[in-house]
Amino acid sequence: MTTSVAPQPNAAYRPGYTRGYFARAANLRTGERFWSVGRIVAILALVVMAVAWLLPFLWAVVTSFKSETSAAATPVSWLPSDGFTTDAYTSVLREGNIPLWTWNSLVTATAITAITLVVSSLAAYALARIDFRGRRWLFLLIVASIIVPPPVLIVPLFYEMLNLNLVDTYWAIILPQLVHPAMVFVLMKFFQQVPVELEDAARIDGAGRVRVFWSVVLPLSRPILAAVGIFVFVLAWNNFLWPFIITSDASLMTLPVGLQTVKSAYGLQYAQTMASAVLAALPLIVVFLFFQRQIIRGFSTTGFGGQ
Amino acid sequence: MSSAALDVGAGATRARTSASDQPRTRTQRSRNTQVGWLFVAPFVIVFAMFLLWPLIHGFYLSFTGESITGAGGAFLGFDNYVEALKDPIMWRSMLNTAWFTLLSTIPLVLVALVMALLVFQGLPGQWLWRLSFFMPFLMASTVAAQFWIWMYNPQLGLVNYLLGAVGIEGQAWLQDPTWAMIAVVVETLWWTVGFNFLLYLTALQNIPEQQYEASALDGAGRWRQIWSITIPQLGPTTVLIVILQVLASLKVFDQIYVMTQGGPGGVTRPVVQYIFETGFTGYRFGYASSIAYIFFAVLVVVSLVQFQFTRRSQS
Chain Z
1 MTTSVAPQPN AAYRPGYTRG YFARAANLRT GERFWSVGRI VAILALVVMA
51 VAWLLPFLWA VVTSFKSETS AAATPVSWLP SDGFTTDAYT SVLREGNIPL
101 WTWNSLVTAT AITAITLVVS SLAAYALARI DFRGRRWLFL LIVASIIVPP
151 PVLIVPLFYE MLNLNLVDTY WAIILPQLVH PAMVFVLMKF FQQVPVELED
201 AARIDGAGRV RVFWSVVLPL SRPILAAVGI FVFVLAWNNF LWPFIITSDA
251 SLMTLPVGLQ TVKSAYGLQY AQTMASAVLA ALPLIVVFLF FQRQIIRGFS
301 TTGFGGQ
Chain B
1001 MSSAALDVGA GATRARTSAS DQPRTRTQRS RNTQVGWLFV APFVIVFAMF
1051 LLWPLIHGFY LSFTGESITG AGGAFLGFDN YVEALKDPIM WRSMLNTAWF
1101 TLLSTIPLVL VALVMALLVF QGLPGQWLWR LSFFMPFLMA STVAAQFWIW
1151 MYNPQLGLVN YLLGAVGIEG QAWLQDPTWA MIAVVVETLW WTVGFNFLLY
1201 LTALQNIPEQ QYEASALDGA GRWRQIWSIT IPQLGPTTVL IVILQVLASL
1251 KVFDQIYVMT QGGPGGVTRP VVQYIFETGF TGYRFGYASS IAYIFFAVLV
1301 VVSLVQFQFT RRSQS
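Chains as they are written, first to last, in my numbering: chain Z, 1 to 307; chain B, 1001 to 1315.
There could be a bad hint or two in this list.
Just the calculated beta-carbon pair ranges, DEER-fashion [said to hold, decoys possible]:
1) 1209(B) with 43(Z): 20 to 30 Å
2) 250(Z) with 1045(B): 24 to 34 Å
3) 166(Z) with 1207(B): 41 to 51 Å
4) 110(Z) with 1263(B): 19 to 29 Å
5) 1309(B) with 205(Z): 43 to 53 Å
6) 1308(B) with 164(Z): 35 to 45 Å
7) 72(Z) with 1209(B): 52 to 62 Å
8) 1175(B) with 136(Z): 47 to 57 Å
9) 1309(B) with 95(Z): 27 to 37 Å
10) 250(Z) with 1099(B): 28 to 38 Å
11) 1228(B) with 166(Z): 50 to 60 Å
12) 1162(B) with 214(Z): 13 to 23 Å
13) 1265(B) with 166(Z): 35 to 45 Å
Think of the hints as simulated: they come from the structure by calculation, not from any bench. Glycine is no exception: its CB is placed at the ideal position from the N, C-alpha and C atoms.
For reference, chain B alone in the conformation it holds in the complex (with noise of 0.2 Å):
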């Protein structure tokens, strides 16, 4: 599989240019470098001005006491960072962080699959089921909110109304504390499983029809070519979507903002919304960017945990 997430060493190999680019002599050479240079200029503009240099001085940022109104922008040193450290918040918030990512991994890996697997079956109607899981996809983070916001509500949402059909007994799930994680990620999982559905729906295309075919002449059911085909097949797919999976969690904000504020509390607050929060209601943009770059420390060590242990089961 062509994965464009770890696939980098193919596209770091020499350009592949045409015969006539070949660079014989030192003027075509820099005549290369030119026309190049101008390709790229724009983005490169753009890259530097929207990313390379908000990340540079977010790090600088991180070492002073910046704030709104450009007052008290002394340089700190580890000032921020040993504040953050000690900062209980911070800590509530990276371990909330961590707690969601790992309760909405694994159901939206496993779910997807499932999915996946039950639509590959090529029932009838296909753009019925595909409309069904992909669409809240589609929807903005605050629209997928609304909708279960109103469906966790106590008195008048649907979920405890279905509950109490089936004799269970309602809660208020989003203001409840050993409930407002699951509900939020129950919300995730609706809200955005429809993307590693239509990945494993991909991957399953890819499978070879013949493997099946073979398969079937030495007598193997249904269920067993799921287990000893289909599944290993889709191994490097699983691999991937939990990578991306994992850091697409890790940077939780929007859902959780809408729905709980972090609340009931902070038992759901994302270190992402404490950024947010120090930035933009303390106006600590000093901290806030200290905060900003742990959480950045953080994502960088797990993408490169993940990649090796990727390399490794791959090797």
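Chain Z with its partners taken away, still in its complex shape (with noise of 0.2 Å):
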């Protein structure tokens, strides 16, 4: 089986699809100027919007190496009279929980996404091709929940876990955060695209359901899978709100929430305070530059139906 087949999730953002635009979007071929006014205004709009884009973060960076002398010296400069230093970076990871909060964020997150894959696409898969009965009235009521703001469920949650006791866990802060009724519904499409041609004849060889799921259905779904992962584990590691609130023990805080304790901890501790939030951008920072295109194609996949 070659993976022709397989549909793509419709509409995803193709990131090589611009290469060597720029000649054709110039209309060379009606005889237009290259270099016209327009263009140029263009270039230089994108250009400055750009460096805006990056300033606050490349500010944070070039603080994070000052001394704390120096990131609080007026007139506010780029270049420090006393050099740049890692002073900041030691101390923060010396006396901090950045590492910590950094694997704790890893391990709800990586748990949530897996979790949520698993059970997500089981429940899609039944709904896009299993004739069950209720199963046009779990699908309404799955499709109507998306609308539910998750801080409108912040206190019977916390009260749940309460009787649960479960409060300051890594449980407390990852089951709330397994339903996702939005990407059912975004892996439920692409459920229904498979041919079911592919499904009928492993079946006619004897399969079972469980069985086409995972031997054929599955390994189709690839990219739709890698969307949905990828969007779910961004939300994750980023949440903060439900984790804020749900973790007072330090050791068990996510970076977001832990980071939020470092403004008070640190106060006027400028470049500390500064090299924390780079380290805590860090990882995702890192991950997208590596896999750009996959990052870029999940979230414009999902997208429309993630929020």
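Build the complex: two chains, separate frames, hints provided.
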């Protein structure tokens, strides 16, 4: 079986597509001049915006490499008079909890992503393909629940975690983040496009439902599973409100939550505050640099269904 | 465009099952039912436990005087709702949320569109443009907020420094009641515009190139093409982005909580923060739930209005 029969997640962004588009977009075939005033303005606008968008991050990075004295020195300057130093990073890493929080984020986000993928794809497959009693009713319930805003649930969820005796545990962070009705919907849409004939062939050979799902449908669904996985992971990695409510033990905090406590702890130590923030931002930025294509594809596939 | 958010009807149709599955007999149908529920069971369990049950329980709590100690859980009828509707802080936070939504949605759509149009020109270094605009979206809310607290620092921040360089006097942006909300909106724009930018970029790619070629043959210039082809073709995408953005902006909490704690003087406090404070600082679970349900009702109404509006504009 070739992968060419696999339905593609529709309308995903194709990162390589614009490459070489410059010349074509310039309408050279109509004889328009390449360096028109409009084009120069457009290029300038793009450069200005990109610089503006990079600036806050660059400024934070530069600050994090200053000594506390020169970070707090006026007038503001990009180049500190006493040179750059990694002192802020050394003390944050030595005294702070950043490595621990990164680990907590990694554990919880990975568990959330893995469990969500399993649970949601099983449900989505059944909703797409199995004509079971109550299917339509369940489908409507799941779709309707997309509208429920997470902040509405924080009070009763906290109450529930108190009763389950799970406050300040990994499970308390993980469990409520496993419910992504919108992702079930996205996956269901995809499974509906998988040609039924492929499954029939396998079933005639005597494969059961689970086997068909595992060895025929899932291998064809890698792009959509990757897309959903990326979306859920980033959401979980960056989630603030729920982990903030449910963890008070500093050793269980995730990165975004821990960082909030750093702000109050370091007070006026600007270089250390920025070093913490940069360290917290770093993992996803590095991942993004390596997997830009996949991540951008993932978000553009799940985008409309994901919010 | 197959828009997941709106295209509910298509999914609600009968499952497209293979020929061997058409339930010809009652036993076959019940077998399908068994297997089907087995497949959905894990999701249904987490769904029921961590969405449906809290949703119902929260509704019940909103009619009680429940607090964190478990004491005072008496049934109060509509008392909480009556109190909420008379609560000036509740109203203030609702208005703040609405104001934030209005102020943020417009630039978050327009700037995203401009970014996408500029990047789609196809200049070399596509990865760099995408990185610049999309990367902030991958940062946690607290990270982005920390960066901007530093940017906005009255004496040491880059914002006042750059404004000073062009002769504009700086402000204590986050501490000034007139500027705090604007400052929060600017931070939100920086942080989340990349997502809308990406959705626009995807939509731009899906405009068939033949349309441009045809109009180029008719002698249409680049600007003409943008107005007469690109913008109209992006219509359905824009509608969806606006809908999603309004719903996202109404739920604002993180960045405001980190940057201003709702201040100064409550001028930036969003309704989610008020739910949070009532529940977890005041420990009034029942009252917090009633505010949460008022907020939920507003959200449902806004969604329905938007949905109706799109349906009408499409037909």
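- Go ahead and decide if the range 27 to 37 Å is satisfied by the Cβ distance of residue 1309(B) to residue 95(Z). violated, 54 Å
- Item | Outcome of range test on Cβ distance (residue 1209(B), residue 43(Z); 20 to 30 Å) | At roughly 22 Å between Cβ atoms, residue 43(Z) and residue 1209(B) fall inside 20 to 30 Å, so the hint holds.
- Check the following: the C-beta atoms of residue 1308(B) and residue 164(Z) are separated by a distance inside 35 to 45 Å. holds, 40 Å
- Does the Cβ distance between residue 110(Z) and residue 1263(B) fall inside 19 to 29 Å? violated, 37 Å
- Beta-carbon spacing of residue 1265(B) to residue 166(Z) - inside the hinted bounds 35 to 45 Å or not: holds, 37 Å
- Item | Assessment of proposed distance window 13 to 23 Å (beta carbons of residue 1162(B), residue 214(Z)) | About 57 Å separates the Cβ atoms of residue 1162(B) and residue 214(Z), which means 13 to 23 Å is violated.
- For the pair residue 250(Z) and residue 1099(B), does the Cβ-Cβ distance stay inside 28 to 38 Å? With a Cβ separation near 35 Å, residue 250(Z) and residue 1099(B) satisfy 28 to 38 Å, so the hint holds.
- Message: Holds or violated: the 24 to 34 Å window for the beta-carbon distance between residue 250(Z) and residue 1045(B)?
- Response: holds, 32 Å
- Item | Hint check for residue 136(Z) and residue 1175(B) - Cβ pair distance inside 47 to 57 Å | holds, 54 Å
- Query: Do residue 166(Z) and residue 1207(B) keep their Cβ atoms within the hinted range of 41 to 51 Å?
  - Reply: Given about 49 Å between the Cβ atoms, the range holds.
- Message: If I claimed the Cβ atoms of residue 1309(B) and residue 205(Z) lie 43 to 53 Å apart, would that claim hold in this structure?
- Response: holds, 51 Å
- Item | Hint check for residue 1209(B) and residue 72(Z) - Cβ pair distance inside 52 to 62 Å | holds, 54 Å
Checked against the numbered hints above, the structure breaks hints 4, 9, 12 and satisfies the rest.
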